[in-house]
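Spelled out, the chains give:
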Amino acid sequence: MEHVVIVGNGIAGVTAARHIRKNSDKKITLISAESEHFFSRTALMYVYMGHMRWKDLKPYEDKFWAKNRIDLIQAYVEKINPQEQILHLADGQKLKYDTLILATGSIPAKYGWECQDLKGVQGLVSKQDLELLEHNAPNNEVCPKAVIVGGGLIGVELAEMLHTRKIDVTLLVREKGFWSGVLPDAEAQLISEHILSHGIDLRHEEELDKIIDNGTGNVQAIITKKGEEIPCNLVGITTGVKPKIDFLKDSGIETDKGILVNRLLETNVKNVYGIGDCAQQREAIGLRKPIEAVWYTGRMMGETVAQTICGTPFEYNPGNWFNSAKFFDIEYQTYGWVFSTKNKKDYEQHFHWKHPDNTKCITIAFHKESLQFLGINTFGIRMRHEVLDRWLNEHKSVEYVLQHLSQANFDPEFYKKYESQIQATYNASKQTA
Amino acid sequence: MSSIQRDLSLTGQPPASINSIQKIGTAIGVGGLIILLLALFNINLLNKTLWLTLSLVSIFGGILLFSYGAYADKQEGIKNDGVWFKSISSRGFLAWVAGLALTGFYIVLYFKADLLGLSAEGENTGLIALFDPLSKILSGNPASQWFVYGTLYTIAILGFGIKFLWKYRHNRYERLRTISVMFFQTAFAFLIPEFMARLNSDDFSLPYYDIKNVWPLNYYNFEQYRVDDFISAGEIGLALLLFGIASIFVITPILTYKYGKRWYCSWVCGCGGLAETAGDSFRHLSDKSEFAWKVERWVVHSVLVFVVVMTTAVISTYLGYDPDKYWLTKDIFLIGVGVFLTLLFTAIWIFKKEELQKDARYGAFGYLVIVLALIGIHYTSGSTLFLIPAETLRTSYGFLIGSIFSGVIGTGFYPIFGNRVWCRFGCPMAAILGLQQRLFSKFRITTNGGQCISCGNCSSYCEMGIDVRAYAQKGENIVRASCVGCGICSAVCPRGVLKLENAATDNRINSREVLLGNDVDLMDYLNQN
Chain A
1 MEHVVIVGNG IAGVTAARHI RKNSDKKITL ISAESEHFFS RTALMYVYMG
51 HMRWKDLKPY EDKFWAKNRI DLIQAYVEKI NPQEQILHLA DGQKLKYDTL
101 ILATGSIPAK YGWECQDLKG VQGLVSKQDL ELLEHNAPNN EVCPKAVIVG
151 GGLIGVELAE MLHTRKIDVT LLVREKGFWS GVLPDAEAQL ISEHILSHGI
201 DLRHEEELDK IIDNGTGNVQ AIITKKGEEI PCNLVGITTG VKPKIDFLKD
251 SGIETDKGIL VNRLLETNVK NVYGIGDCAQ QREAIGLRKP IEAVWYTGRM
301 MGETVAQTIC GTPFEYNPGN WFNSAKFFDI EYQTYGWVFS TKNKKDYEQH
351 FHWKHPDNTK CITIAFHKES LQFLGINTFG IRMRHEVLDR WLNEHKSVEY
401 VLQHLSQANF DPEFYKKYES QIQATYNASK QTA
Chain B
1 MSSIQRDLSL TGQPPASINS IQKIGTAIGV GGLIILLLAL FNINLLNKTL
51 WLTLSLVSIF GGILLFSYGA YADKQEGIKN DGVWFKSISS RGFLAWVAGL
101 ALTGFYIVLY FKADLLGLSA EGENTGLIAL FDPLSKILSG NPASQWFVYG
151 TLYTIAILGF GIKFLWKYRH NRYERLRTIS VMFFQTAFAF LIPEFMARLN
201 SDDFSLPYYD IKNVWPLNYY NFEQYRVDDF ISAGEIGLAL LLFGIASIFV
251 ITPILTYKYG KRWYCSWVCG CGGLAETAGD SFRHLSDKSE FAWKVERWVV
301 HSVLVFVVVM TTAVISTYLG YDPDKYWLTK DIFLIGVGVF LTLLFTAIWI
351 FKKEELQKDA RYGAFGYLVI VLALIGIHYT SGSTLFLIPA ETLRTSYGFL
401 IGSIFSGVIG TGFYPIFGNR VWCRFGCPMA AILGLQQRLF SKFRITTNGG
451 QCISCGNCSS YCEMGIDVRA YAQKGENIVR ASCVGCGICS AVCPRGVLKL
501 ENAATDNRIN SREVLLGNDV DLMDYLNQN
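As they're listed, the protein sequences go chains A and B. Residue numbers 1 to 433, in our numbering, belong to the letters of the first sequence in order. Residue numbers 1 to 529, in our numbering, belong to the letters of the second sequence in order.
Bear in mind the hints are in silico, worked out from the structure with no lab data behind them. Because the structure is a prediction, the values reported are computed rather than measured. Treat each hint with caution, since some may be false.
Computed, partial: chain B to chain A, Cβ under 10 Å [claimed, not checked]:
1. E76
2. S90
3. F93
4. D114
5. L176
6. S289
7. G449
8. N457
9. R469
10. G487
11. R495
12. K499
13. L500
14. G517
15. L526
Ideal placement from N, C-alpha and C gives every residue a C-beta, glycine not left out.
Please work from the sequences and hints to get the whole structure.
Shown next, in the form of structure tokens:
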């Protein structure tokens, strides 16, 4: 019987395993060094904040795996020998495979700062990171002060987490507004203000220069590029993640930043596939980045590769881009492409509406000339994926989208509706333009 | 129920304490309870009206101050920080103390009301006497243990209702729903029945009737003494009796078809009202395992069969045999029940068989056979209807289900098993509404395409123990018999994935192989296969 081995039990690897099981009787082995069972990585923050317990992060009951004949091995894969189709595990064991799926995910990216490996310097990606955080910052007596470096989604999550334990947080962000490499400036501004309103010391246009040792191997302070020294007990590194591929060195599997894969998610070695955020598309798909560290793309690659392995080859051909996040109390959703002010395409025009209370806003991107709807960002208003996906596929115009916006609303019943205000703002902007 | 699991490596020593305003609030509230305790132990409180007012105001005010301390300085949004760290909400020491105290209270209330000071002849004493002044203002009569209970129950729903409103002030669905349960408890369950008692005179007597309480939740509604009262009270009584029958056979199915069972369970019902307000802090304690779901299905539907059999037996005992005296004879009634149940079963079997799980088919068929057999035995064996005398059935139902299950376990164990144990495992009304909701309703919780990140907040905070995530991560709508439509799964979802909706019944239940967002061709290919 064909033995499919999957390295990594995150969303990509687990989705692949589940779909291979649905479509075949192959022997499936899922290897992870991180945790015995699949858990929702995006929910790590809720355990630290006391919303959930560790076991609540597991989307499937523990009996699920045996029932579906998915063998679990908790071990660290040290290297791969693709010629013999063997995995070498850290405990010395070897594992033979017929088909190998690499879904090893990412690790925090550090940029060679002085003392970046001190105790108290950490990222927040894995279960071990969460355990480490409990050790480094259990409360505000052990850890009265934290500095977080980098203003992405993990940065704001970490700030929210530490804030629940009343730990004083300074958040260093390179740009002028929070996440303004991704968000249009007005939105970045709104999120910055919201983060500040929660008592986080958010510093714009500020970067980490170096970390200072207290003499016992622990963090004492950091120094910013502007030269300010900020004493702290914890340094959260949230300047992005990079694929975990160090174990592939000398394996013959081609890598760049990530594991290089083609549209069938195949590596250069036969029967070895790469999925999730350890994989790098040889050529970017559409406007997407070659590496996408997003839950949904991991899942979609898992769904796709399973079909290919089960005899119906499918290219990875994701549909319209979508994503979502939550910044403290403000929910964010995006469908299609809305680029940041800095990265805006030549043809891209934005219509922006903001509620006076500063907790809700939307940005609609459309084509300057054809007025074709390109994408939408919403903050504080939920949108219906299915409807927006359809409108994007049907190349609706921005005016059509605005006129029918209520059809796309996904807020709970009885919520206040803002469509007419949004339409009025658009009409007013058209007249002045 | 799941065991207490505290993974020490993952919980550390986070702040679990309450702030000073909350401490003062707690002290004031406990002070109010101490007054009740003093009365309970027959300490002579001279001015009862004053002490009662002081006690109730302290309890209510204490809850409000606690809520103020908890939420006033926080921004609008989800407030679940530290839920699993606090002793009271994570099955810690305080939870067990509260659970045992509540359980003890229920046992005394149901079985030892004399300890509370109830006196059949002469003046009340103790705790019940303390409530006499209020009872006399409302109904003109001295208090009973049920009046004491009703007053405290209403104060709990109002006080913790305001706390809930504060907590979810950003969420209009939650606000309206909570105002609704607060209103129905205060007006329908508490005040109206007391005022109705004022109408009673020597030749006119209405039974105590909370008209939002529908059979089989008020399993006693059609017992002889009540039906006699209804009929003897003329047109008003008859109207109430007919309303009681229409409630379950006409009003309930229509509303449940349009809005799901939530119109009752989380907008109107008193048990639901307490669960959603005073019980809100315990909603995450419900067991989410598949095993618990299986137990739930068998137990709640068994209670439903029990109440149907019991009520049928009780009604048949006071119906006569002579059709000349009254058209509704024992025979007509029993045959009617048998025919109704058979028709109902046949209709479900013909139209909805595909939607029933294997165990549901076995259960439905098995129970139908049992009920029909019991009715049949009546005709062959004669006197002893249903093998067990109706009175025994009635008293055992009242004891086991009405008292132990709904009160002692259902509410007493809020801090241990969660706030909807009764609603989920025991309530026969919820079972009926659940069958309607599952098979014949426009209600569902819509999953938003491919946006789920499997975080588990929805499942964690589902008081009914539904593993919401299991559906959401498959892109499948949630259509579950037990869902009471509280809307908290949608509220706590960080990615805007869930929405409670009433919409067309086609495609209400869907399951996708591949979720929205992936290759259109792949989705088409898999959905065709």
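Do the hints match the structure? See the list:
no.: 1; hint: E76; result: holds (6 Å)
no.: 2; hint: S90; result: holds (8 Å)
no.: 3; hint: F93; result: violated (17 Å)
no.: 4; hint: D114; result: violated (44 Å)
no.: 5; hint: L176; result: holds (6 Å)
no.: 6; hint: S289; result: holds (6 Å)
no.: 7; hint: G449; result: holds (3 Å)
no.: 8; hint: N457; result: holds (7 Å)
no.: 9; hint: R469; result: holds (6 Å)
no.: 10; hint: G487; result: holds (6 Å)
no.: 11; hint: R495; result: holds (4 Å)
no.: 12; hint: K499; result: holds (5 Å)
no.: 13; hint: L500; result: holds (6 Å)
no.: 14; hint: G517; result: holds (5 Å)
no.: 15; hint: L526; result: holds (8 Å)
Violation of the numbered hints given earlier is confined to hints 3 and 4; the remaining hints are satisfied by the structure.
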